Structures are given as structure tokens and as C-alpha cells.
Amino acid sequence: MIFGGETERSLLQWRPRSWLFYGVGAALLVLGLAARTPVPLFLALPFLLAPLGAALLGPRQASAKIDWGVYGSEEEVTIRGQVVPSERALPPQELQLRLDRPSGLLLRAPPRFEYSEGSLSFEFFWKAHEPLIAQLPVPEVLWVDPLDLVERSIRPVAEELSIERYPPEIGRIGRVRLMRTIVLPGETRSRALGSSGEFFGLRIARPSDPPRHINWAATARSGRTWVNEFHLERTGDILLVLDLRPTGLGPEVDERIVGVARAAALGIAGAFLREKARVGVATYGEFLTAVPLGAGRAQRLRIRRVLMDSHVAPIAGPSERCAIAMRRHFRAGVTTILLASLVDEEAARLVPYLRRRGFPTVVLSPSPITAAPDPPGWGEEDLALVRRLLRLARHERIARVWKDAPVIDWEEYWSLAGFQAMLRAGLGSRRRS
Amino acid sequence: MTTDPPPQTRTVRREGPGLLAAGAAVAVGLGIWDPHGAVVGIAIAIVGFAAAGTLRAFAGRSVRPYEFLPAVASLGYLALVVPPSIVTDLLAGVSALALFLWLSADPELPRGTLRRSGDVLLLPALGVAVALSSSLLIQPGYVYVGVAAGLLVGGLLAVAWVLIHPETFSAPDTPTI
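Protein sequences, first through last, are from chains A and B. Sequential numbering of the first sequence, starting at 706, is according to the working numbering. Sequential numbering of the second sequence, starting at 4, is according to the working numbering.
I should point out that these hints are in silico values taken from the structure, not numbers from a laboratory. This one's a predicted model, so the numbers in the text were calculated from it and none came from an experiment. Treat each hint with caution, since some may be false.
[As the list claims (entries may be wrong)] To spell it out: a stretch of chain B is covered by chain A in this simulated footprint if at least three of its residues, at any positions, have a beta carbon under 8 Å from a beta carbon of chain A; those stretches are: (1) 78-90; (2) 103-110; (3) 116-128; (4) 132-138.
[Said to hold, decoys possible] From the structure, some residues in chain A lie toward chain B, with a derived Cβ separation under 10 Å: (5) P751; (6) A759; (7) L762.
[Unchecked claim] Where chain B lies over chain A, by a calculated footprint (3+ residues, C-beta under 8 Å): (8) 721-735; (9) 739-745; (10) 842-853.
For glycine and all other residues, C-beta sits at the position ideal for the given N, C-alpha and C.
Looking at chain A on its own, in the form it has when it is part of the complex (with noise of 0.2 Å):
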């Protein structure tokens, strides 16, 4: 979405120091009456205007366009780009960039700025806590005077970025071949090409293409660099579902949990995505909201929409009802895969109703522990012996899980090599056979 109407006026706001300059200049004159003195009222003048002098500058209407993009990897998030102004009258010294950031994400180091003849070049440098998914406001920009006492809100023109962040291992997680449920038999063809299949060609290399699908021999003849191309195959069907209940963990913890379980929904959707299977996404807070199974990149905005949307909800619905719903959006023998805490009994409980409502799950359990914060106060013994004591509670909940579907606890929020071990042993074609 580009952001900046064409005739949207530069609001005028006073910054706290006109108020501290009018307390003052007020103050100053009251003095002088009360002394019967003019020296303060000459003093306290040029605190009254100067506030008004200030307000009487600045442009009256002007834009900026900011190129602005998230570079970095893994935990490291970089926003990097330039405010130029659209007026020459404009010189860029007198704008300032104000941008929120958002939760989840901490500050590495103080942002950079830097001025040149034309633009306001600006750097921000922040760190993940853990996989997020976030959509980042177009940034404030505002003249400002030299005396810091008012600014005017300048249009910006430019785009919101989205910063997604997520363990390594997502990308490799669409290559597991899933239980089919496609109504063909056989192996059913893409027109789309692909990394596997059956053979289709040969084209140039790009620098982006691995090894393993050059082909040497081309290669070698040629002189050029080939690699294969493949007809894609759809391997299956895939079905995330998020438990967006609230739990006794608090709604700070549960936001954390959440926010970290859709990154890793998202992620997921997007590796099988762009493997051609068909993906489907379900939240569930005391309603369900679906979003049917489909491909292609429609699908990945529709299913980012949705997700981006979700949050804890207030009211926990009965897990019966969500097994229930979900059949009226999702045929029985999709693959799910359930991202639950599995804090409280009655989020244990979603697991055999689903089970009973035929969608083989497997679970992903983000674990609280990781994101409960320490209570203050406490030694270090004493806080190892409660994490111990919490991991030997989870531990026997998920064993009492693992009596309907298999559970990956996902204490290390970087890292979902666990998750992706037990996609190939247990969700792929193998485990059909």
C-alpha cells in the first residue's frame, strides 16, 4: 500500500519545549507585574514569541518519498533508506524520521543519520528476539524548526515494509514429501517447473541454482553452465492450525507465544507454497477462521492476511468445537500440523479431537518456558530447579499427547530442526507406505 494523499495539509504541533518557553515567558511576567518591574517583562518576551516565530515557518504543504528497505539476516534486521524531499525549498537538515518499532523486535544499536545535499539517508538497526512476522508503518517524517519548539507532519510517500523472520530450517521443510490426499491417483503434474519431478530440460545456470542440479554432462559439452529443469509435482496437502486461545501464562506471554507460532505458520505455509502443495490455514481463539486450501501466491497473501490478523483471543472456545468447524472447511486426511502451547488440559484435549475427526496432526508446541519471562528476585539455583521442575511438568503433558499425535517441543524458537526430523520420519509418503 503507497501511503500520501495529494492534498494533505502539514498539521502544525507544538513540541514540549514551546510549552516549557510559554511556562516561562508566563511565569517572567508574572514576576515583573508582581515587582512592578519592566526587566523581567523584557526578559519574558522573547520566550512568548519566539514559540510563534517558529509556528509562522516551515512548509505548508510538502511530501518526502522514502526508498526504504529490511536487509539482514536470521536475527538481524536492518532498515535502510532515504528520505528525499519533493520541494527544493526543502533542504533535508531541517526533516527528522520518527519510526515504531515493533514488539518483538529489540534495538541493536542507535539509529544512524546522515544529510546530504538533497536526502535524509537513515539506518536503523535492530535485532529479533525470536521468528516474527511484522508489518512496519510507512515512518513519520517532520520539519522541525531550529529551535525545536514546533514541527509540521510532512506526506510521506512510500510503501510499508514487512519483516519476516524465521529459524533456517523453513527453508528446507517444503521439500518433505506429504501424505497425498489428492483425489487423482498417481503423481499429479504441475505446468509449473520446478527443482524435482520429471525431467522437462535444460536451461542456463543462474547464480542461485545448487550444484546438485547442474548437469554435467551438458555442461561439459557446451562449455556453459546447464542445469535441469523438472516438471513440479503436488505432493499433498498441508493444514496449519493456530490455538489462539488465551491460557493462565498471561496475555503478554500469550501475545509472545502466538506471535512466534504464526512466524512459524507463515513460514511453513510459504516453504510448501512454493513446492505446489496445497496449503490451508486455520486460526482458532473461541471461533474458527479458515482459510481453505489453495496454492500459489494468492494463497500465501491470503494466508499472511489472516495471520498478521490473529491474535489471543479473549474468550476460549471449547476445543470440541474447533475439530467440528474445521470439517466443514477441510476434508478429513489433510496433513495438520497444530501450533498449540499445550500450556493448560484443555489445549492438550484439542489433540484427540481432531485426531477423532480424521486430520492426522502432527504438533508444534512452542514452549512457554522459553517464553515466560524469570521472576525477579530470584537466585540462579533457585531458577534452574523451577525450569527443571517446568520441564518435567511439560514433559509428562506431552507424553499424554503423544498418545494421539506426535509432538515436537519447541523450546529453542531459532531452530526447528527437531520439526523438520520428524516431517520426513513420520509425515512424508514413507509413513503411508
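For this one, chain A is given, so just place chain B on it according to the hints.
Here is chain B on its own, set in the frame of chain A:
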């Protein structure tokens, strides 16, 4: 969401200490007239401006907006106790303007801010000039006439300003659908 702090570019500006010293010099000029003794007045002026400079140099980010208050406190005290005369009136007005110049030489603001501050200081300087001229040129019994004349001159200057810069109060174009 949290807003990041402004950039840390606390480079030492050459103008900053000089402007602080100039402001302190004007305040010292005011302090000389202190009825409790020139030494007391000068000490108060120097302490106030030194405290302001110290706050800018060493205080945390949350205190920085209030860095000028010690200087204002010392100036306020001196303005209250010095005998009224055209010199003290002038010194009081000029010391406030000098303080503003020092504020615009903040090392956290981008370069060129001091040069731009002239636009903001125009109106306060004009106000001080009008008030001074009215108190200087008019007989004591006709000060109210002088103030009225000063306001009239100020109003005429404001009208001239608006005529020269018609965009000052111009309304934005009507949005079209």
C-alpha cells in the same frame, strides 16, 4: 511499539561554547547591576550558564530538553533584582536571544541549524526592539502611547510580512474527488 531514540551524534560544535560564553557575558553585564553586589550577580550569572553548559555536555537524554532552565533561573533572578533602566532592559532581552542562539547550536541537531535559527529569532528580536524603542523614545508619562505605537508598528510589520510571504496563512487547495 516503541519509538527509537534520536541519533547519537554528540559531536562537539565549535559554536556551542562560544555562544554560551556570549550569553554568559551578557548575563554578567546584567549581574553587575545586582543590588547585593556585583560579585554576587556575576557569580549567579556564571553559575547559571555553567550549569546549562554542564547539562548539555553530561546530562542524559531525558534531561536535555530542560538544559536551558538553570540559565533562565539565573537570568530571572537578576532581572527581578536589578534596577530598571534602558541598559538592563536591553541586556535582559539580548540575553534571552543569546540563549536561543545557544539552544540552536545543539550538537544533536543537524548542521546548519544555527544559520536557520535567524528566521525564528526574527520575531522575538523585533518584539524586544519595539518594546525598547517605545520605552527609550517616549517620555515616562506617555509610555502607554509608546506601547500602543509599538504594537501598531509591530502590526504593520506583521502585515508587511504577510504581504511579502502570502503563503504564510494560505489555505491548502481544495481536494478534488
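TODO: Please name the hints from earlier in the document that this structure breaks, with their numbers sorted from lowest to highest.
DONE: Violated: none.
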